[in-house]
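Asker: Here are the chains, one letter per residue:
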Amino acid sequence: MSRNIYMPYIMVVDKVIDEAPGVKTLRLRFENEEEGNAFEFKAGNFAEYSAFGEGECTFCIASAPTRKGYVECTFRKAGRVTSGLDRLEEGMTMGFRAPLGNAFPIEEWKGKNLVFVAGGIALPPMRAVIDNVLDRRDEFGDVTIVYGAKTVNDLVYKDELKEWDERPDVTLVQTVDPGGETPDWKGEVGFVPSVLEKADPKSDNTVAIVCGPPIMIKFTFPVLEKLGFKDENTFTTLENRMKCGIGKCGRCNVGPMFVCKDGPVFSKVQLNALPPEF
Amino acid sequence: MERLIIKSDNIGTWLAKIIDSVPRVLAPVKDGDKAEFKSIKSADGVDYDSQTTISSVKAAAFPRTETLFAYEKEGMETKLYNVAEDNFVETVIWRARPCDAVGFKPLTSIFNWDYKDELYNQRYDKIAIVTFACTSADKCCFCTSVGGGPGNTEGSDIQVTMIDKEKTLVEVLTDKGEKLVALAKDLFTAAEDSIDKEKALADIPAKFTKEQIHENLAKAFDSPVWKAQSERCLGCGACAFVCPTCACFDIQEDAHGNHGRRVRCWDSCGFSLFTQHTSGHNPRPTQATRWRQRIMHKFSYMPDRLNVYGCTGCGRCSRACPVDMNIAEHLTSIANSSHE
Amino acid sequence: MEENNNNFEPRIIAFVCNWCTYAGADLTGTSRIKYATNVEIVRFPCTGRIDFMLLLKAFAGGADGIIISGCHPNDCHYTSGNFHARRRWMVFRDMLDFMGIDIERIRWSWVSAAEGAKWADVVNDTVNKIREMGPYTEYKKAAKFLEEEKICHE
Amino acid sequence: MSKLSEKTAALLSEGTVKLIIGYEQGTEHPRPAFCHTPEDCERLIFNDECKNNLGVYLTKKEIIGEDKIAVVGNYFVIKTVIQLNRENQINLDNLVLMTVDGDEVVTFSSIDEMQQYVDTHEPAPNEKVLAAIEKIDKMSREERWAYWKNALSTCVRCYACRAACPLCYCNRCIVEDNCPQWIEPWSAPLSNMEWQINRIMHMSGRCVGCGECAAACPLDLPIGILTKKMGIDIKQTFGGWKDGSVLSTYSIDDKENFIK
Numbered sequence: 000m001s002r003n004i005y006m007p008y009i010m011v012v013d014k015v016i017d018e019a020p021g022v023k024t025l026r027l028r029f030e031n032e033e034e035g036n037a038f039e040f041k042a043g044n045f046a047e048y049s050a051f052g053e054g055e056c057t058f059c060i061a062s063a064p065t066r067k068g069y070v071e072c073t074f075r076k077a078g079r080v081t082s083g084l085d086r087l088e089e090g091m092t093m094g095f096r097a098p099l100g101n102a103f104p105i106e107e108w109k110g111k112n113l114v115f116v117a118g119g120i121a122l123p124p125m126r127a128v129i130d131n132v133l134d135r136r137d138e139f140g141d142v143t144i145v146y147g148a149k150t151v152n153d154l155v156y157k158d159e160l161k162e163w164d165e166r167p168d169v170t171l172v173q174t175v176d177p178g179g180e181t182p183d184w185k186g187e188v189g190f191v192p193s194v195l196e197k198a199d200p201k202s203d204n205t206v207a208i209v210c211g212p213p214i215m216i217k218f219t220f221p222v223l224e225k226l227g228f229k230d231e232n233t234f235t236t237l238e239n240r241m242k243c244g245i246g247k248c249g250r251c252n253v254g255p256m257f258v259c260k261d262g263p264v265f266s267k268v269q270l271n272a273l274p275p276e277f
Numbered sequence: 000m001e002r003l004i005i006k007s008d009n010i011g012t013w014l015a016k017i018i019d020s021v022p023r024v025l026a027p028v029k030d031g032d033k034a035e036f037k038s039i040k041s042a043d044g045v046d047y048d049s050q051t052t053i054s055s056v057k058a059a060a061f062p063r064t065e066t067l068f069a070y071e072k073e074g075m076e077t078k079l080y081n082v083a084e085d086n087f088v089e090t091v092i093w094r095a096r097p098c099d100a101v102g103f104k105p106l107t108s109i110f111n112w113d114y115k116d117e118l119y120n121q122r123y124d125k126i127a128i129v130t131f132a133c134t135s136a137d138k139c140c141f142c143t144s145v146g147g148g149p150g151n152t153e154g155s156d157i158q159v160t161m162i163d164k165e166k167t168l169v170e171v172l173t174d175k176g177e178k179l180v181a182l183a184k185d186l187f188t189a190a191e192d193s194i195d196k197e198k199a200l201a202d203i204p205a206k207f208t209k210e211q212i213h214e215n216l217a218k219a220f221d222s223p224v225w226k227a228q229s230e231r232c233l234g235c236g237a238c239a240f241v242c243p244t245c246a247c248f249d250i251q252e253d254a255h256g257n258h259g260r261r262v263r264c265w266d267s268c269g270f271s272l273f274t275q276h277t278s279g280h281n282p283r284p285t286q287a288t289r290w291r292q293r294i295m296h297k298f299s300y301m302p303d304r305l306n307v308y309g310c311t312g313c314g315r316c317s318r319a320c321p322v323d324m325n326i327a328e329h330l331t332s333i334a335n336s337s338h339e
Numbered sequence: 000m001e002e003n004n005n006n007f008e009p010r011i012i013a014f015v016c017n018w019c020t021y022a023g024a025d026l027t028g029t030s031r032i033k034y035a036t037n038v039e040i041v042r043f044p045c046t047g048r049i050d051f052m053l054l055l056k057a058f059a060g061g062a063d064g065i066i067i068s069g070c071h072p073n074d075c076h077y078t079s080g081n082f083h084a085r086r087r088w089m090v091f092r093d094m095l096d097f098m099g100i101d102i103e104r105i106r107w108s109w110v111s112a113a114e115g116a117k118w119a120d121v122v123n124d125t126v127n128k129i130r131e132m133g134p135y136t137e138y139k140k141a142a143k144f145l146e147e148e149k150i151c152h153e
Numbered sequence: 000m001s002k003l004s005e006k007t008a009a010l011l012s013e014g015t016v017k018l019i020i021g022y023e024q025g026t027e028h029p030r031p032a033f034c035h036t037p038e039d040c041e042r043l044i045f046n047d048e049c050k051n052n053l054g055v056y057l058t059k060k061e062i063i064g065e066d067k068i069a070v071v072g073n074y075f076v077i078k079t080v081i082q083l084n085r086e087n088q089i090n091l092d093n094l095v096l097m098t099v100d101g102d103e104v105v106t107f108s109s110i111d112e113m114q115q116y117v118d119t120h121e122p123a124p125n126e127k128v129l130a131a132i133e134k135i136d137k138m139s140r141e142e143r144w145a146y147w148k149n150a151l152s153t154c155v156r157c158y159a160c161r162a163a164c165p166l167c168y169c170n171r172c173i174v175e176d177n178c179p180q181w182i183e184p185w186s187a188p189l190s191n192m193e194w195q196i197n198r199i200m201h202m203s204g205r206c207v208g209c210g211e212c213a214a215a216c217p218l219d220l221p222i223g224i225l226t227k228k229m230g231i232d233i234k235q236t237f238g239g240w241k242d243g244s245v246l247s248t249y250s251i252d253d254k255e256n257f258i259k
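Residue numbers (numbering that gives the first Met the number 0), protein chains in the order written: chain A, 0 to 277; chain B, 0 to 339; chain C, 0 to 153; chain D, 0 to 259.
Any given hint might turn out to be false.
Claimed, not checked - For lysine to aspartate or glutamate, the following DMTMM-like pairs were computed, each having C-alpha atoms within a straight-line distance of at most 20 Å:
#, chain 1, residue 1, chain 2, residue 2
1, C, K56, D, E175
2, B, K37, C, E147
3, C, K143, D, E141
4, D, K127, D, E48
5, B, K226, D, E61
6, B, K72, A, D13
7, B, K78, C, E137
8, B, K33, D, D219
No wet-lab data here; the hints were simulated from the structure. Since the model is a prediction, treat every value here as computed from it, not as a measurement.
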């Protein structure tokens with residue numbers, strides 16, 4: 000029987016990184032070399048991660064396609080499958096069905112400035128794009144990253160944030176929700192939309208990429224409009240309950256669009272055309 | 000396409016020959032006062048008088064529970080295994096209805112657009128469908144409103160029409176049909192052109208047209224019609240699970256210690272869990288939004304994306320519904336309502 | 000029931016309450032009373048906490064018999080746990096019997112912390128009885144429904 | 000049924016209630032009807048064919064919201080309201096419960112009035128179900144196991160039995176829970192039995208015996224026999240239904256003969 004489209008690749012867990020309370024990053028390597036070498040994906044693709052015995056769950060590929068030899072995923076321990084993934088240690092195997100969905104149109108952004116707005120553990124899908132852009136830094140204008148989380152401890156990729164902070168060609172604005180700061184916290188304090196407004200990035204020839212919980216997106220879009228960002232230059236990813244990830248099981252549609260096939264990356268223009276069902 | 004005639008009382012012998020040479024034959028069998036497709040071992044168990052069965056025959060190609068693959072964990076390693084080929088059995092579906100045969104078209108297009116679902120294809124390619132044209136219909140049938148009809152041969156390998164007591168017309172439509180007829184070649188004679196199939200068919204006046212529905216649905220997303228129509232809907236899965244064209248499924252894990260299987264089973268957009276996020280947020284929080292999804296998917300999204308209709312007008316969902324959500328009645332009101 | 004092949008060793012699961020029966024089983028051990036080793040004990044804070052689904056899960060998981068025991072009425076550490084359990088067992092037992100599940104394979108009992116000997120008797124009687132009845136194959140077969148779909152292992 | 004339509008239309012036009020739930024003629028049988036305007040009340044009918052248990056809508060926030068509604072229910076709907084009230088699931092001030100007795104429209108003003116009506120209007124028991132229970136009771140254990148395994152193996156887990164039941168109102172049912180996965184969510188003979196056993200056990204002492212679970216089952220599976228058998232057991236063992244749900248209470252002198 001030819002390729003079973005529901006059968007995942009087998010991956011070996013190379014490294015387990017504790018990002019924040021309940022949030023982990025797994026660095027995965029293909030158990031089968033050829034599959035690993037033949038595997039290609041784009042920033043913005045997502046995957047179905049299998050914890051055998053528990054099931055499958057959906058989140059983004061958190062590493063950039065320009066970083067070869069491994070893929071990373073970041074998740075929060077929330078239900079049955081993520082608890083199964085949480086129990087994995089280095090050397091253990093898990094399943095990986097990818098690449099799924101569409102990708103950020105990075106090629107179209109050549110020469111433009113980029114503004115990344117992320118909230119909580121929505122930085123992983125953004126990091127795939129940010130690292131991809133930083134590995135081809137000279138092809139883009141200036142890069143601004145606005146990233147916020149509930150508390151200082153909840154900030155993910157802490158070492159990478161430090162790295163971006165030190166880079167001269169990246170302006171990084173970090174914030175924590177009011178009450179989430181620690182005495183020696185040097186970043187901003189406030190919700191992401193207000194901090195973005197304060198950072199006031201210029202909007203001409205600039206593309207904005209927003210990822211975060213629905214509540215954050217709801218308040219960030221008006222700010223972007225106020226700053227002059229046009230809808231065709233604003234991108235985001237939609238999160239829907241998914242099972243197959245390949246347009247068969249019929250559950251992730253918003254209006255006529257399947258989030259798993261026509262998304263997860265949507266421009267604001269596409270979002271405006273979709274019915275309010277997400 | 001070959002038109003043959005068989006004596007009505009030879010149909011049983013023909014079926015007996017089919018049963019001997021095909022591993023599985025599914026036919027409607029009476030159980031209490033309702034009929035269901037069951038695997039039959041002899042020709043006399045078949046129920047020829049009930050209009051349709053309760054559940055559709057999609058389970059022959061898209062079973063309600065199905066193994067996707069098996070896994071085995073030894074220490075750190077994990078091995079994955081495909082299902083064996085001999086799970087897929089040559090099958091003849093006997094005495095289905097035209098609306099059952101048409102139902103496989105939307106299923107096949109869902110399972111074959113973009114990625115090809117081999118599990119479905121392996122089962123569907125081994126199926127031959129012998130439909131019996133409808134000489135009567137009941138209040139729930141509306142196939143003529145969705146492009147079908149009592150004598151529609153689409154999707155059938157053979158269509159049998161009872162012309163009268165003695166003669167039965169057998170239209171052989173595909174080479175699979177040819178093979179089935181070849182099993183009892185001597186029982187058939189060529190049909191003269193004077194045999195009029197249309198006369199024997201049931202008369203089912205169309206209630207609405209596809210275009211009316213398609214046009215009104217395009218502007219109906221925020222209309223109050225969904226709440227009004229779905230107030231009595233209880234949110235069970237009966238309509239989706241008896242429907243010949245509903246293909247939505249859930250993926251679950253059958254775990255036993257270090258080995259187990261990933262399983263696919265039927266699911267319904269009528270359930271709240273269908274779209275509920277882990278955070279509790281549900282893009283379709285009320286029964287009205289789910290009823291809207293059911294109608295929009297079948298009569299607007301599928302025609303737009305796969306140019307195939309997600310409904311064959313068999314009326315099973317209306318017959319199975321505990322609160323009589325008669326889809327034909329709802330669609331008629333949508334078709335006739337002119338939106339602002 | 001099929002004839003009992005002599006090398007059949009029944010697997011018995013015991014759901015017991017921590018304060019009485021578990022302590023009773025302890026006493027059986029400390030007073031060196033020998034009893035069958037086929038029993039796997041699952042300890043609960045109280046019989047009131049033993050969910051009826053666990054019995055079905057035990058049978059589905061391969062148990063041939065079940066012992067379910069706790070404090071005698073009026074001895075419950077939580078005063079009413081065993082009263083609730085008793086009522087639940089009365090309703091559940093009738094339901095299982097009506098659906099054809101073999102309730103002879105379930106031994107319901109009260110064993111107090113002082114009744115080490117009784118615990119040994121309960122276990123030995125149950126093991127002998129289940130060995131007599133043979134394995135509970137029909138329930139295990141029903142639990143393996145998915146395995147009817149064959150897998151290719153090469 | 001003009002008297003019913005008049006009375007209900009009046010309730011709506013006076014504004015005492017915002018919504019009236021009753022029965023209207025459907026394709027083959029009567030079906031639940033929702034009247035928002037006095038004209039809607041023309042459609043209301045009431046006869047022995049009106050079987051749906053309208054109590055199922057009383058625990059659905061999206062339908063009744065916060066405002067006062069009226070329900071024209073049959074005998075079992077009244078019994079359901081009593082049980083739902085006992086389980087603190089409905090706000091009686093927001094409910095006008097009505098029924099039709101002969102050709103007279105009755106409006107209940109208190110729980111006792113409902114209880115009194117229920118005690119005096121007991122419908123004839125369903126002979127077919129009682130006969131089926133007797134037949135099964137006479138079977139041997141192996142036959143009963145084979146009967147139920149085959150009957151429930153065709154169940155497709157559409158949960159119409161749960162959806163049609165007014166007392167199945169949990170917003171997160173046990174089958175929707177996957178930590179732990181008590182019952183396998185796919186259709187298989189054993190998990191179908193486990194599902195029915197769970198449903199019946201959660202109904203013990205609460206079920207009002209309306210039979211809508213069996214009527215709702217699209218495959219006509221004999222699940223009504225299970226709820227009826229449970230009802231009979233509870234009546235024989237614990238003296239009936241009056242004191243509310245059996246398993247959430249206990250009694251020191253419950254008698255049994257199998258705990259040794």
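Asker: Are the hints correct? Go through all of them and say.
Answerer: Hints and how they fare:
At most 20 Å may separate the alpha-carbon atoms for a hinted pair to count; C/K56 and D/E175 meet this at roughly 17 Å. A threshold of 20 Å between alpha carbons decides the hint, and for B/K37 with C/E147 the separation of about 18 Å falls inside it, so the pair holds. With a C-alpha separation of about 19 Å, the suggested pair C/K143 and D/E141 falls inside the 20 Å cut-off, and the hint holds. Restraint check for D/K127 and D/E48: satisfied, since their Cα atoms lie roughly 17 Å apart, inside the 20 Å limit.
For the suggested pair B/K226 and D/E61, the alpha carbons sit about 10 Å apart, so the restraint of at most 20 Å is met. Taking the CA atoms of B/K72 and A/D13, the gap is about 18 Å. The hint holds against a cut of 20 Å. At roughly 30 Å between alpha-carbon atoms, B/K78 and C/E137 are farther apart than 20 Å, so this suggested pair is violated. Pair hint B/K33 plus D/D219 holds up; C-alpha atoms about 8 Å apart against a cutoff of 20 Å.
The structure fails to meet hint 7 from the earlier list, while all remaining hints are met.
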